[in-house]
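Peer 1: The residues making up each chain are set out below.
There are 2 protein chains.
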Amino acid sequence: MHKQTIQTSTIQYDVVVGKGLLSNIDQYLPKKYNNILIVVDEVVKGIYGDTVIDTLKSAENVAVTSVPAGESSKSIEQYYRLLSEAIEHHLDRKSLIIAFGGGMVGDLAGFVASTYMRGIDFIQVPTTILAHDSSVGGKVAINHPKGKNLIGSFYPPVAVIYDVDTLQSLPAKEIRSGYAEVVKHGLISDQAFFEEVLNVDLTTPLDTEVTVDQLQKGIGVKAKIVEQDERESNIRKFLNFGHTLGHAIESELGYGKITHGEAVAIGMLFALKLSEEKFNTRMPYKALYDWLSKNQYPLSISWPGINQLIDKMKLDKKSENSIVQMVLLEEIGKPSVVNLSDHELRAHLEKFIRELD
Amino acid sequence: MHKQTIQTSTIQYDVVVGKGLLSNIDQYLPKKYNNILIVVDEVVKGIYGDTVIDTLKSAENVAVTSVPAGESSKSIEQYYRLLSEAIEHHLDRKSLIIAFGGGMVGDLAGFVASTYMRGIDFIQVPTTILAHDSSVGGKVAINHPKGKNLIGSFYPPVAVIYDVDTLQSLPAKEIRSGYAEVVKHGLISDQAFFEEVLNVDLTTPLDTEVTVDQLQKGIGVKAKIVEQDERESNIRKFLNFGHTLGHAIESELGYGKITHGEAVAIGMLFALKLSEEKFNTRMPYKALYDWLSKNQYPLSISWPGINQLIDKMKLDKKSENSIVQMVLLEEIGKPSVVNLSDHELRAHLEKFIRELD
Numbered sequence: 001m002h003k004q005t006i007q008t009s010t011i012q013y014d015v016v017v018g019k020g021l022l023s024n025i026d027q028y029l030p031k032k033y034n035n036i037l038i039v040v041d042e043v044v045k046g047i048y049g050d051t052v053i054d055t056l057k058s059a060e061n062v063a064v065t066s067v068p069a070g071e072s073s074k075s076i077e078q079y080y081r082l083l084s085e086a087i088e089h090h091l092d093r094k095s096l097i098i099a100f101g102g103g104m105v106g107d108l109a110g111f112v113a114s115t116y117m118r119g120i121d122f123i124q125v126p127t128t129i130l131a132h133d134s135s136v137g138g139k140v141a142i143n144h145p146k147g148k149n150l151i152g153s154f155y156p157p158v159a160v161i162y163d164v165d166t167l168q169s170l171p172a173k174e175i176r177s178g179y180a181e182v183v184k185h186g187l188i189s190d191q192a193f194f195e196e197v198l199n200v201d202l203t204t205p206l207d208t209e210v211t212v213d214q215l216q217k218g219i220g221v222k223a224k225i226v227e228q229d230e231r232e233s234n235i236r237k238f239l240n241f242g243h244t245l246g247h248a249i250e251s252e253l254g255y256g257k258i259t260h261g262e263a264v265a266i267g268m269l270f271a272l273k274l275s276e277e278k279f280n281t282r283m284p285y286k287a288l289y290d291w292l293s294k295n296q297y298p299l300s301i302s303w304p305g306i307n308q309l310i311d312k313m314k315l316d317k318k319s320e321n322s323i324v325q326m327v328l329l330e331e332i333g334k335p336s337v338v339n340l341s342d343h344e345l346r347a348h349l350e351k352f353i354r355e356l357d
Numbered sequence: 001m002h003k004q005t006i007q008t009s010t011i012q013y014d015v016v017v018g019k020g021l022l023s024n025i026d027q028y029l030p031k032k033y034n035n036i037l038i039v040v041d042e043v044v045k046g047i048y049g050d051t052v053i054d055t056l057k058s059a060e061n062v063a064v065t066s067v068p069a070g071e072s073s074k075s076i077e078q079y080y081r082l083l084s085e086a087i088e089h090h091l092d093r094k095s096l097i098i099a100f101g102g103g104m105v106g107d108l109a110g111f112v113a114s115t116y117m118r119g120i121d122f123i124q125v126p127t128t129i130l131a132h133d134s135s136v137g138g139k140v141a142i143n144h145p146k147g148k149n150l151i152g153s154f155y156p157p158v159a160v161i162y163d164v165d166t167l168q169s170l171p172a173k174e175i176r177s178g179y180a181e182v183v184k185h186g187l188i189s190d191q192a193f194f195e196e197v198l199n200v201d202l203t204t205p206l207d208t209e210v211t212v213d214q215l216q217k218g219i220g221v222k223a224k225i226v227e228q229d230e231r232e233s234n235i236r237k238f239l240n241f242g243h244t245l246g247h248a249i250e251s252e253l254g255y256g257k258i259t260h261g262e263a264v265a266i267g268m269l270f271a272l273k274l275s276e277e278k279f280n281t282r283m284p285y286k287a288l289y290d291w292l293s294k295n296q297y298p299l300s301i302s303w304p305g306i307n308q309l310i311d312k313m314k315l316d317k318k319s320e321n322s323i324v325q326m327v328l329l330e331e332i333g334k335p336s337v338v339n340l341s342d343h344e345l346r347a348h349l350e351k352f353i354r355e356l357d
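Protein chains in written order, with the working numbering: chain A, 1 to 357; chain B, 1 to 357.
Next comes chain A alone, as it looks inside the complex (with noise of 0.2 angstroms):
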């Protein structure tokens, strides 16, 4: 079991990673609470949600709630929905929130957190990669129909446990889109830690001990900035290295037709080919491409139009005065971030999708 401390502006809260976490979860809650709400997905719950459900129950006063599976609960109907559930199991602001699943449940019910009576605690127990990366800095947020995460709130968890257990019923593209954020952290902080990443084969069954390592290194990576710009006045933005682009494909294909790391993927690949034009440097491009491809990321896609793309780009929430900012890297663990006029974008845009097809 692996124990990393984040430090916030207002709290401080224990990142646990291992094996067999879930069946023993009571015994890593920060405190006793009078009162628990767990907010589980449907598949998670179906998998792991008795085990969970059991521990806490013979301890503590426990509500579960389910919502379905996918990005599309995060949204207005479900967060009024949970708030009600809330209200109606009685909890008050010495009670918890328990966001069981992916990230999708973090986000949802870690926004729920954050705005029932002003703000009660809650702890991330993610079951993904993916959730186990976003679960620590401390967004929340739910969607709008014009864009992703428009609606949130900056609020740490008490605390994140992450069960690797859980790898083994996680399915290969989500394990893609986990691995996105780790190969993300490996080009903003270092090129060893990048190379190490290329050398992990998706498609045969992790390591749980190379896996775990790496995700330890991916989240420090990601601590050491989140500790120095909680609220993304300035280097928290390098964490969105091809996220500018990625979320424009993810809102304009529509949540669920490609994950949010495969997304993204694309994305740290236009970003790639943008930094070797814009810094007049060499990026391994061929190699994250060669590793994406070997490992079975969708690099060809059904593109939407280019003009719905940077519409989508201009609401990333890093755009200002309708200017899209990217995160390019000046070289690797070098991030920069630019702002691009649409003319440039176009251009550059155009010509990434013609030779990426």
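Think of the hints as simulated: they come from the structure by calculation, not from any bench.
Quantities reported herein were computed from a predicted structural model and do not represent experimental measurements.
Be careful, since some hints might not be right.
Stated by the list, open to error - Simulated restraints, written as ranges between beta carbons of each label pair: (1) B:Asp-229 / A:Val-337: 36 to 46 angstroms; (2) A:Ser-336 / B:Thr-8: 28 to 38 angstroms; (3) B:Gly-256 / A:Lys-94: 31 to 41 angstroms; (4) B:Gln-308 / A:Ser-302: 48 to 58 angstroms; (5) A:Lys-94 / B:Ser-58: 43 to 53 angstroms; (6) A:Lys-351 / B:Gly-20: 56 to 66 angstroms.
Here a beta-carbon is modelled for each residue, glycine too, at the ideal position from N, C-alpha and C.
Use these hints to put chain B onto chain A, whose structure you have.
Peer 2: Positioned in the frame of chain A, the structure of chain B alone reads:
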């Protein structure tokens, strides 16, 4: 023009009170913004809208959206509509939301600002005494059918600008509503201040000098408390004096049937009565009753059932483990948080209602 600076854990902001501020409002913005969305209630828009909008439009990119006056606009539907408007008007993280109107608009637009793109700047421009009071302290929220302010954040404004010229257009019941909070500040802080407030006659036109002085003193009391306990872990609860029963009455009678302050006034009478019993002391129950009565506060109301009231009081955010907490006074200026069993609460409430009628 008077100015007080409030210190929060994250920012400090000025509360500016004076005459003729609305027609110079651009001078009181703490910085330049690329884009401003004014949220205004329909009634206020009719009276002061053009002044403010024209003043700002000369310098800034401004959009305006109005919401129906009244507590029922603090709904999930209006909240979501305003978020959609913010997107529609291309607000980004460097943009500003101005809450222009009564307390409802401050709470609603403030909650929108606190969650739009995980939080953007907002300024409170209150047009009522009550809104001026509630704009200090960073509490923003919407209502749930099951209770007031159950969905919200702690999120300070970047400025509060209160033009007391708006007192001229304030209906008598709104003056009563606001002055209940000033009375409360007296009771929880200082005998002399309390007596000073009871010298005011709300049935004749207010003396602006006296009013501004008393409002300043009230905000001073509040500021001192919220600076020490922003997130209401302990002493901030004192500001809820009169509010536990007050909120329950407001919510059970239906918002709009009785103003917030009128309900709090009855709540304060109950809290004084209970303080006498609990602390075996004498409280200025009669002095307050006479002043409220003389100033036409509705003290004879059509009471909701005791069970419904107690249920609502349990939903109060101070409540823990379904035990009602009330703020009482050991003496004037010495508030204290007290737990009450259902049995005890019921007995005291029945007696209070019988005696008040």
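Peer 1: Return the numbers of the hints above that this structure violates; sort them in rising order.
Peer 2: none
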